[in-house]
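Residue numbers (the working numbering), protein chains in the order written: chain A, 1 to 133; chain B, 1001 to 1115; chain C, 2001 to 2177; chain D, 3001 to 3361; chain E, 4001 to 4274.
It is possible that part of the hints are untrue.
Result set (DSBU-like, lysine-lysine): computed pairs, CA atoms no more than 30 angstroms apart in a straight line [stated by the list, open to error]: (1) E:Lys-4172 to A:Lys-14; (2) D:Lys-3285 to D:Lys-3054; (3) A:Lys-14 to A:Lys-74; (4) A:Lys-48 to D:Lys-3054; (5) A:Lys-30 to D:Lys-3030; (6) E:Lys-4104 to D:Lys-3030.
Residues on chain D that point at chain C, a partial pick, calculated with CB under 10 angstroms [what the hints assert, rightly or not]: (7) Ser-3011; (8) Arg-3021; (9) Lys-3023; (10) Val-3065; (11) His-3107; (12) Arg-3133; (13) Glu-3141; (14) Ala-3167; (15) Lys-3169; (16) Glu-3172; (17) Gly-3200; (18) Ala-3203; (19) Ser-3205; (20) Gly-3288; (21) Cys-3355; (22) Cys-3358.
In case anyone wonders, no lab produced these hints; they're calculated from the structure. Here a beta-carbon is modelled for each residue, glycine too, at the ideal position from N, C-alpha and C.
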Amino acid sequence: MFSSFAKAFTNLFKTPQTIDYPLTPIEQEKEHRGLIEYGQEACIYCLKCEKACPPGAILFVPVENPPENEKNKKGLKYHYNPYLCIYCSECVRACPKPDEALWQSNKKSLPATKEDRVNESWFELERLKKQTD
Amino acid sequence: MKKIEVSLDTVREVIEGFYEYKKWHFLTLNGLALAENKMEVQWIFSKYEALEETVVYFAQIAYTDVIPSIVDLIPSAIISQRELVDMFGVQVEGSEKGLYLDEDSLQNPLSGCSL
Amino acid sequence: MFDLKKYRKKSPWILHYNAGSCNGCDIEILASLAPKYDLERFGVINTGNPKQSDIFLVTGPVTYRSRERLVELYTQMPEPKVVIAVGSCSCTGGVFRDMVNVEDGVDRYIPVDVYVAGCATSPELIIDGVVKALEILEQKTKEMEKPLKLFREATLENSIVNRRHTALKVGEKDEEN
Amino acid sequence: MKQTINIPLGSQHIALLEPVRFKFECENEKIIGVDSDVGFVHRGIERACTTKFKFDSIGYVVARVCGLCAITHSLSYTVAIEKLLGGEISKKAKYLRILLLELDRIHSHMLCLSHTCENAGFEAMFMRIMGDRELVMEIQELLTGNRVQFDYISIGGVNRDLNSTVALKIKENLYEVKQRVLGYMDEFTNNWSLSLKFKGIGALSLDDAYIFNAIGPLARASGLNIDVRNEIDYLPFDEVGFLMQTHSDGDINARNLVRLNEILNSILMCENIINGLPEGEIFTKIKGKPNGEAIVRFEAPRGELMYYVKGNGTAMLDRVRIKTPTFASIPAFSHIFVGQDYADAPAILASFDPCLSCTAK
Amino acid sequence: MIETLLILFAPLIGGLMYGFERKLRARMQNRQGPPLLQPFYDMWKLIDKQAFIVNPYHTILGVMHFITLWIVVAFIILGQNLLYVIFLHLLSTIFIILAGFSVKSIYSHIGSNRELQAMIAYEPILIMVAVGFFMKHGSFDISVIRENGALLASLFLLFLAFLMVMQIKLKKSPFDATEAHQEIVGGVEVEFSGVFFEFIYMAKWLEYAFVYLLLMLFAGNNIFLGIGLFLGVFLLVNLVDNATARIKMKHLLRIVLAIGLTLGMWNLIGLAYV
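Okay, chain A solo, but in the shape it has when bound (with noise of 0.2 angstroms):
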């Protein structure tokens, strides 16, 4: 007792150890697990990352105007959900061309608002995905 005693009374005088996040912030780790990054020209559109994530927070899906790469045959478009995303960084592993093509960065995601639609617009597009399949 006498030592939780004497430890509240020593913390008085000391800094607390509160990072004031949002005015100070934060640094991140250099190896942190954050967002999901891609080279769009780099992109050999093997659908390895779309295959190996888990959730399936990566989607090619068919637009009308594709992107201009000429690996890409089928006129197909990168899309990712960061809010369903895991972070587990199986679809670099996966990528055949890592660092280029795809790669984790040290970003966080920002939090979303009604405005985001993160579930509706991504329905959209698994319905377009399924309409291909």
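Given the coordinates of chain A, assemble chains B, C, D and E onto it according to the supplied hints.
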């Protein structure tokens, strides 16, 4: 892992003869869906303070069979038995449904799902 | 960057419900109440009582058995209230998407205002989410204070019943502006 | 007939992290009967493992069974698959797996201790332990890239190497944690209000521990020598200085002391691993499709975790059976509650370190 | 004039104390803590919030609790009879207990039950304190007590007993089983919401004012001793709060009654015969 086949009629006697509560540790009751509308029930035990000694008693049954309860021998089996009832839709003496599943969720999710 | 003075004038009391998550996000919520991140800086108290809370932190994809309790808790909270879906699986279902006993995401049942990603999410993201929620809470409070249009016909658009409804539409109005 | 009252605890309650509902039938705040509902978190992971996911990504799915013992889940599953495929992983990978397993145990035990203190109404101790727990979380993030869900183990080895700066940081922080833990030992044994709350409360006798097949710290606090780390040979626990920690009282205080001693033992193991880390590859490619059945057991922070995996030579498995520590202890829980005061119920519950998301899967 | 102002601002002074205490407690727990004016932000927020009325008696009794407490504090400031003050305070506690029993929530019932038991523990000690003052001055009037010298030395044992009462009244561990957030989610206040919870919340501030005003009586007319006593006890209460766990109701009754009554009795016997 040692596997011993038993039949449903004799399983209680076999376990009663085998199980010494200070020597063996009841791990769990496991179900396994087989082909032709059959399933396998496994009673898994392991030995205290021994390296990798696991004994599995198993019986192949139909879904309509009633599995005898071993709760009076091993009180901690009650929760595994209830799970088995929920997951496979078989009957175990004295164990009722509804540990995990609600009325409108998919019933017996594991019965024959790999087939 | 952040105008913290504005946010600090609020006192969001949080209610936490686990609707079937893996505990990863729940322990991060505990960690964000602990000294290093200390959510109490914003006036947060973990009340555990729906009748006295403003922010509803939900973790986990909603399982069949917990959905009833989830809606019950949401309705027990007095207006204005903000719902934060913490973690990937409460936003969209995450890795549990399409599993048999799971409803993908909290917004199938209750309207969600802030989605916080991450599996498991980290205390920083939770703080970000709470700061965002404070903005929405303030807007909703203002919306509730608007005088009622007494002399108009009580249509569905502006009747008393729909004050809650208009409060929910705060975000959409901003989009137009 | 005496009048009884029913006091519910859950499914949403401030003392609970997870949804579980207990209904205590009380006589003047003394519990005479318990009714529990543990199925709130059932998500159907066992079914999804056989119908939805291929065997190589299940390691990430079963990690989400429980956030606290995520590493043990993915490790058990991976070892089971490695057994079926017949691959052998390098010694360095084995050591790194133990390292993370023990770090996870340290942070999980600290969380449990702090939660027990909070439920006993000791907020300052909760803050103190949670504050110190950040030291462990920090090194976990450095080692694996995430604070809670590590996703560190893959079939054939581990995903990340340990470099020398991280190793140094781990050693520094663990030394610091050790000092703090010794401080808690003093606090848990000497604080009179904690002894009123913890000593002789929620006791489980040795015989009951045998009868109810108790496991983990719950059993070890009653004097039952069960620690799966002692009974398996997939990972070299005996090489890195594992010692079983037991106590004979069986009450909350004994459980806390067992946990504190285990933290100290785990710190020792981690230090031994870092000092004697062998050279070699961290990943060996293992090819093939799993066929046959395997039972793998591991010691999660809460007790014994068992995986039964059956493959049929294709990418989809036949059966993944997860038997989790709390699942096996539920009969023991209900037994302990009877005869205690309701005022002690949250603290007793926290001292089991229950993990309901494990239980219901 | 100054008394009227003091009475009007009594809840605010209590609120400031509460805010300062939250800050202090945070610092003792090695964290930054909320801003000093946080209780007032809470107050503004609660006014804005929708309120659910469970039943009319429940809310009225809650408001009555607040008003009676305010009158109690006013009486102390005006220098009225100490015995009246203590019994009126008892009445205000009874209001909140009745409010707890008037709803269906089981947590509320347990909270009320515990509040009753705690009342049994601390009420005799409060009366003994009043009797102690009476034996010294021959009057229960607070104004008389204030005019005379400090009684800390001659009522020292009663002062120690009073410190235990403070822990109960301020809901600080080890004697905070009446509130017990982790067991019964706040006890009697569990069903209050919105602006009606506001009254309960502000009653807590008044409780601070009440307890510390009673404490100041031990210093008599010595203002410096009074301030010293206030600061010292304020720190002590929080330090004890941060060094102990919550003990159960039966232990609370046993400890407070056994130690408190014994200390008080010895003091009174000493006053009578020495």
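These are the hints, each one checked on the structure:
1. E:Lys-4172 to A:Lys-14: holds, 23 angstroms
2. D:Lys-3285 to D:Lys-3054: Given pair Lys-3285 of chain D, Lys-3054 of chain D holds - Cα atoms ~17 angstroms apart, limit 30 angstroms.
3. A:Lys-14 to A:Lys-74: With Cα atoms ~63 angstroms apart, Lys-14 of chain A and Lys-74 of chain A exceed 30 angstroms; violated.
4. A:Lys-48 to D:Lys-3054: Answer holds: Lys-48 of chain A to Lys-3054 of chain D is near 14 angstroms, not above 30 angstroms.
5. A:Lys-30 to D:Lys-3030: Measuring from Cα to Cα gives roughly 54 angstroms; hence the hint is violated.
6. E:Lys-4104 to D:Lys-3030: At roughly 20 angstroms apart (the allowed maximum being 30 angstroms), Lys-3030 of chain D and Lys-4104 of chain E satisfy the hint.
7. Ser-3011: holds, 5 angstroms
8. Arg-3021: Interface hint status for Arg-3021 of chain D: holds (9 angstroms vs cutoff 10 angstroms).
9. Lys-3023: violated, 14 angstroms
10. Val-3065: With a closest approach of 6 angstroms, the Val-3065 of chain D hint holds.
11. His-3107: Holds, because the Cβ-Cβ distance from His-3107 of chain D to chain C comes to roughly 9 angstroms (cut-off 10 angstroms).
12. Arg-3133: Result: holds, 7 angstroms to nearest chain C Cβ.
13. Glu-3141: Since the shortest Cβ distance to chain C is 9 angstroms, the answer is holds.
14. Ala-3167: Because about 23 angstroms separates Ala-3167 of chain D from the closest Cβ in chain C, which is outside the 10 angstroms limit, the hint is violated.
15. Lys-3169: Since chain C brings no Cβ nearer than about 17 angstroms to Lys-3169 of chain D, farther than 10 angstroms, the hint is violated.
16. Glu-3172: Interface hint status for Glu-3172 of chain D: violated (17 angstroms vs cutoff 10 angstroms).
17. Gly-3200: At 28 angstroms from the nearest chain C Cβ, Gly-3200 of chain D fails the 10 angstroms test, so the hint is violated.
18. Ala-3203: violated, 27 angstroms
19. Ser-3205: violated, 30 angstroms
20. Gly-3288: At about 25 angstroms, which exceeds the 10 angstroms cut-off, the nearest Cβ of chain C leaves the hint on Gly-3288 of chain D violated.
21. Cys-3355: holds, 7 angstroms
22. Cys-3358: holds, 8 angstroms
Hint compliance for this structure: hints 3, 5, 9, 14, 15, 16, 17, 18, 19 and 20 are broken, all remaining hints hold.
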